[in-house]
Every structure is written in structure tokens, then in C-alpha cells.
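Undergrad: Okay, here's what each chain looks like letter by letter:
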Amino acid sequence: MTVKYTLNELLIIVAAREIHNDENIILGVGLPTVSGALAKSLHAPNANLMMESGIFDFEPLVRPNHIADAMSCRGFSCSTDLFTAFTTTYRGFVDVCFLGVAQVDKFGNLNTTVIGDYFNPDLRLPGSGGAADFISYSKRTVLTMRGGNFVNKLDYFTSPGYLEGGSARDDSGLFPKGSGPSMLISQKGIFRFHPETKEIYLSEIHPGIAVDDVKKDVPWDLMIDDNLKITEPPSAKEVAFIRKFAPTESAGNALAIELATANIMKKMAARQQS
Amino acid sequence: MSQFNEKVMSLSDAVSQFVKEGDELIIGNYTLCACAELVFEVVRQQKKHLTVYSQSGIFDVEVMVAAGIVDRLVTTYTMRSGGKSGGSAVERALQARTLQLEDYTNYNYNARLIAGMHGFNFMQVFEGVMATDLYRIRGFMGDDKYRVIDCPYTGDKILTVPALNPDVCIIHVPRADKFGNAQYWGAMGSVMAAALASKRIIVSCEEIVEHDVIQASPHHTIIPAFRTDAVVEVPWGSHPTEVVGYYNMDRLAYGMFQGAAATEDGLKTWLDEWVYGCPDRGAYMDKYVATFGSETLENLRAKDYYSTPVNYGSAFTSPWKHDGTERGMGVTLEELETIMEERGLFHDC
Numbered sequence: 007m008t009v010k011y012t013l014n015e016l017l018i019i020v021a022a023r024e025i026h027n028d029e030n031i032i033l034g035v036g037l038p039t040v041s042g043a044l045a046k047s048l049h050a051p052n053a054n055l056m057m058e059s060g061i062f063d064f065e066p067l068v069r070p071n072h073i074a075d076a077m078s079c080r081g082f083s084c085s086t087d088l089f090t091a092f093t094t095t096y097r098g099f100v101d102v103c104f105l106g107v108a109q110v111d112k113f114g115n116l117n118t119t120v121i122g123d124y125f126n127p128d129l130r131l132p133g134s135g136g137a138a139d140f141i142s143y144s145k146r147t148v149l150t151m152r153g154g155n156f157v158n159k160l161d162y163f164t165s166p167g168y169l170e171g172g173s174a175r176d177d178s179g180l181f182p183k184g185s186g187p188s189m190l191i192s193q194k195g196i197f198r199f200h201p202e203t204k205e206i207y208l209s210e211i212h213p214g215i216a217v218d219d220v221k222k223d224v225p226w227d228l229m230i231d232d233n234l235k236i237t238e239p240p241s242a243k244e245v246a247f248i249r250k251f252a253p254t255e256s257a258g259n260a261l262a263i264e265l266a267t268a269n270i271m272k273k274m275a276a277r278q279q280s
Numbered sequence: 041m042s043q044f045n046e047k048v049m050s051l052s053d054a055v056s057q058f059v060k061e062g063d064e065l066i067i068g069n070y071t072l073c074a075c076a077e078l079v080f081e082v083v084r085q086q087k088k089h090l091t092v093y094s095q096s097g098i099f100d101v102e103v104m105v106a107a108g109i110v111d112r113l114v115t116t117y118t119m120r121s122g123g124k125s126g127g128s129a130v131e132r133a134l135q136a137r138t139l140q141l142e143d144y145t146n147y148n149y150n151a152r153l154i155a156g157m158h159g160f161n162f163m164q165v166f167e168g169v170m171a172t173d174l175y176r177i178r179g180f181m182g183d184d185k186y187r188v189i190d191c192p193y194t195g196d197k198i199l200t201v202p203a204l205n206p207d208v209c210i211i212h213v214p215r216a217d218k219f220g221n222a223q224y225w226g227a228m229g230s231v232m233a234a235a236l237a238s239k240r241i242i243v244s245c246e247e248i249v250e251h252d253v254i255q256a257s258p259h260h261t262i263i264p265a266f267r268t269d270a271v272v273e274v275p276w277g278s279h280p281t282e283v284v285g286y287y288n289m290d291r292l293a294y295g296m297f298q299g300a301a302a303t304e305d306g307l308k309t310w311l312d313e314w315v316y317g318c319p320d321r322g323a324y325m326d327k328y329v330a331t332f333g334s335e336t337l338e339n340l341r342a343k344d345y346y347s348t349p350v351n352y353g354s355a356f357t358s359p360w361k362h363d364g365t366e367r368g369m370g371v372t373l374e375e376l377e378t379i380m381e382e383r384g385l386f387h388d389c
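Heads up: the protein sequence lines correspond to chains A and B, in order. With our numbering applied, the first sequence covers 7 to 280. With our numbering applied, the second sequence covers 41 to 389.
Please note: incorrect hints may appear among the correct ones.
What the hints assert, rightly or not - Derived DSS-like pairs (lysine-lysine); straight-line CA-CA distance at most 25 angstroms:
1) A:250 / B:343
2) B:308 / B:327
3) A:10 / A:250
4) B:218 / B:60
5) A:159 / A:243
6) A:221 / B:124
7) B:327 / A:272
8) A:145 / A:183
9) B:361 / B:88
10) B:185 / A:273
11) A:145 / B:197
12) B:327 / B:124
13) A:273 / B:343
14) B:218 / A:159
15) B:88 / A:183
What the hints assert, rightly or not - Short, incomplete list of chain B residues facing chain A, as computed with Cβ under 8 angstroms:
16) 131
17) 161
18) 164
19) 167
20) 168
21) 169
The set of hints was computed from the structure by calculation and includes no laboratory data. For each residue, glycine too, the CB sits at the ideal point set by N, CA and C.
Could you put the whole structure together from the sequences, leaning on the hints where they help?
TA: Right, dumping it as C-alpha cells:
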């Protein structure tokens, strides 16, 4: 029996499948924390979920509001500081981190700082936060993209992927050999990086999405895997977990806000009547 | 500051005494437990021309930038409301050229505080940033944003950031005593470093507790009394953000603020209503309850989940046993003094 799901749910589920048992995982704000909870609950009970605020080995019971949400769980194993969370990453103890994407180029370099000129921005985005250091020193980095863009040239280079491609990242001497983004998950498909050229390519496509629909978002001639696969659809168990754990993620931002606003209005009207 | 001076005062006195116009002011808190009421009071007193440091420049920074009291901002993360059609006070101030900004990574920013709190000149940071615009594009700090040195041991190129010692830190904590021992738990972030790197420290807290409570849980103290200049008890002092063990984030009020922050007029109206319109936190909470009902507020209160106490006990707390003899030497004090006299150990005067 097929189960009904949203593309946002699929994105969360595909990201969760990248979390393996016994790995040390750094979770970024938003979607990755839901993926982390899903993985821990369904297939990776021994995964060590960590956040840069210094919360190590936590198991969220509700969707964390942010990466310092010590109230989304009942205690956790180690309370350290942000400085130590990053030096732990620098020393090579982090297996995988998850980062969101605003702009990404052909070689997985990222911009999360600004659209337009840095000193006179069209849109000022959040900035680096932990991103630049995590993608530098995690063994793997999984990029998740909702509403971001593929661009030929980043407006601002926030976080290093494979630099100019090929062996540039390893040659720079700035990063551990073999590190860098391992995949990018969007609401249309799963992208990976060519082992030699480090150019991004479409590796799997989500069910019901056409290749042209992916290509139209990319301003260069996107490489497509010769053996392009279809993303494994979510299981009933995976979908059920998200609906129960983070119903607002299932609903999506727009619907969640619309319903919450209506709910507040209803309550306030009832208060005025009583 | 003496350790046993009582430093309890009103919030307005603390801010007027210890925050000065043109200061380098650092927000001690990181993402949660925001020093909301301290920020509001700095805004009410219009302490202008500040250079503001905030590890995560979201609620706190938006309020201060919108109030026009910030000339320069150093941060790693800014807030933006309402997607592509929305905006933020920081974005508007950058576009109007009324705000200068320096962007760091979370680690770089924290490293400057670690250097500052320990009295070092600089801190080594991870070299990966050298591949990025964080390194290449400099704001008002220019060459001093990052400098590269040769490691005297290995000869490697080492990236560094300069130490930071802000003039004043404003910080909210769950609890403190009247002397200024301040305790914090939850997500430690860069909270302790921000406070201890600073020259002056203003602490607001959910509750002032007995000194005994602090002494029985010293591992939670992040600021020792002798470093603290002022302590103010401000219940709900972080609202609409959360304080671990006291109350959750108020998603309704926070969402309302974010909605307002998307536009200049929206944020101005919000400031008039919730900051300038409320002389203190008591008035703010009264207004909140009048608007949204006490039930909305009560729903935010944390249910208890206590940490297991650690055992600070020891085998004995006196060198003298119950029978009056010393544990090692096996004699009473009287006997010891007699022996000392016999051996001629006392100074002849």
C-alpha cells in the first residue's frame, strides 16, 4: 500500500536515512533536528545527536525550536560549550553534519549570508552561524535545500564545498582529506558529487518529478547519473513518525501559521465574550 | 568588586550606572534565555552609539537596531522575518548605511571571547575559513578581523582572531545570589565566556536564591560574585524566549514579534507598545496577561525535571575527632600545645 506524503516529509525522511547507528551527528536548525529524531527512533537508536550550543547526545521529544533548545528533551548526556563543540569537530570526531542551503554552486560551495552586495544587500540572510566550520571539518556533510537556488556564482562565499572543483579542496591544505559535501537533498531529488571533477550531479529523482523539472532550476547543463534511480518512497512508519513528532513540518510553514493564527483569533474572541 | 558586597539593585539603576553611551556591549546569552528586559531597559534609556556583540543576533539585536542605538554590530547570525518578501531591522539599517557589520563564524566569534576571558592577545581558529568571503571581505575591523601568523613550533600558517574584552555584558540567568554568583544551565553556548571576557557585568535572573543554594551547586556557577557589578531579580525576564526549568519559549509572542520585525512600521509599533509603553517587566507582563489571558502564560510554565544532585560530601570536616584527638597525630589540642612548649617551638618574645 502506498502512503501519502508531502515533498517536505520526503526531504526529512531522505535526510534521516543518512544518519547511521553509532555515528556522531551535528544537527542544524529546522529540518535536520526532525530527521535526527526520526533516525534515532526508527533505525539508528545509538546515533549521538549533537548541537553546536554544547548539547551532546540528546533525544528530542518535541521539535526543537532552535539549536540551543535544551527544553525539547528530558536531559542529555553531556553539557559543554560552543567552543568545545567546534574543537570536537575540528579534531575529527564528527561523522556527519547537516546544513541548509540558500545558494549553492556547481562544486557545492554555499552562500547563506547575503543576496546582492554584501555592504548594500538586497536580502540579508542569517550568515554563517556554524556552517563554515562544520562543512570544513565534518567527515561528511549533507546539504538540504528548501527554497534555495543553484547559481553559477555565489553572491557571497560563506561555506567551502569543493572550491574550484577537482582536487582543489584537498590541495588547499585547509581541510581534512576526503571531507566536503557528500550529497544535497532537495524537494525534487538527491544530488551527489562526481568523484574526480567534484561537479554536482543528479543521482536520484523523487517519484513523480521529471528530469526537466530538476534541470530548469540549474543555470548550467546539469549532469544526470547514467543510472538515475528513483528515490525510495517513504514508508508508512516514517511518515507516521513525522506526523506525530512534528505535525507542523507535515503541514508546512504556510498552513501551520494559517491554522495557528485562526486558533489564536478563536481563543481571543472567546475571551472577549466571556 | 568585593565578593561580599550586595549588588542587588533596580534594573534601571543597573543600566544607568553600568552601561555607557558608546560602549562595546555584549549580549551574554545565546539564542535562549535572552536578556530581554535588560535589552528593553538599554533601549528605554537610549544608550546610543553602541558597538553590539551577539553570538546569535536575533531577537536582542533586532530590538536594539530598530531602536537606533547601535552603530556597529559583530555577530554570526541575523534574523530575517517573512521570507523573501519580509525583512529585518538589520537588513534595513544596512541598506540605509546606518549600521556597520562584521560577520564571523560561530567558532570565530566564541574564540575571541575565550581569548578575552583568559587574558590572551588572540586565539587560533580553524584555517578552513580562509577559503571563504568571511576571511576575504572585511568590515570596520579591516586587517584586524583576522591575521595569519607562523606557528613557532611547526612553521604552519595559523589563522587567528583578536581577543575581545567588551566594556559591559548584559546577561540573564535562571538564578543568582545577592552577591552576584550567577548560575546557568541548559545550552551553555558562549555564555560564560561572554560574561567573563567583559569589564563590567550586569546580571538579571529569574530568582535570587540563598547563598547556601549556590554553595551546594557550585558547578552551575558561571560568573563568580567578585566579577559581577549588579544583580537584578526579573521574573519572566527572558520572555518571549525561554529559561530552562522556568518557562518555555512563547511561540505566540515570538511569532508576533517576528511578524512585526518584517517591516519598519511594524517593528516601530511593536517597540512603542511593548518596550516604550511598559516602564518595566511587571508592566509588560500585566499587559501580556490583559491581552492574551493568564492561561496562555500559565501554559508556558515548565514542569519540574530535577537534575540528580551530585554528592559533595567528604569523610570528615574537621582535623579533630569526636574524642578530641587529631586524626593523624593522635593527641588533643592541649597535649599538642604542651609538647610544642616542651620542644621550644614557640617564638620567644
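Undergrad: All hints, please: hold or fail.
TA: So, going through the hints one by one against the coordinates:
no., hint, in the structure
1, A:250 / B:343, "22 angstroms, holds"
2, B:308 / B:327, "18 angstroms, holds"
3, A:10 / A:250, "15 angstroms, holds"
4, B:218 / B:60, "24 angstroms, holds"
5, A:159 / A:243, "40 angstroms, violated"
6, A:221 / B:124, "23 angstroms, holds"
7, B:327 / A:272, "20 angstroms, holds"
8, A:145 / A:183, "9 angstroms, holds"
9, B:361 / B:88, "62 angstroms, violated"
10, B:185 / A:273, "51 angstroms, violated"
11, A:145 / B:197, "23 angstroms, holds"
12, B:327 / B:124, "32 angstroms, violated"
13, A:273 / B:343, "24 angstroms, holds"
14, B:218 / A:159, "56 angstroms, violated"
15, B:88 / A:183, "48 angstroms, violated"
16, 131, "4 angstroms, holds"
17, 161, "17 angstroms, violated"
18, 164, "10 angstroms, violated"
19, 167, "5 angstroms, holds"
20, 168, "3 angstroms, holds"
21, 169, "6 angstroms, holds"
When held up to the earlier numbered hints, the structure conflicts with 5, 9, 10, 12, 14, 15, 17 and 18 and fits the remainder.
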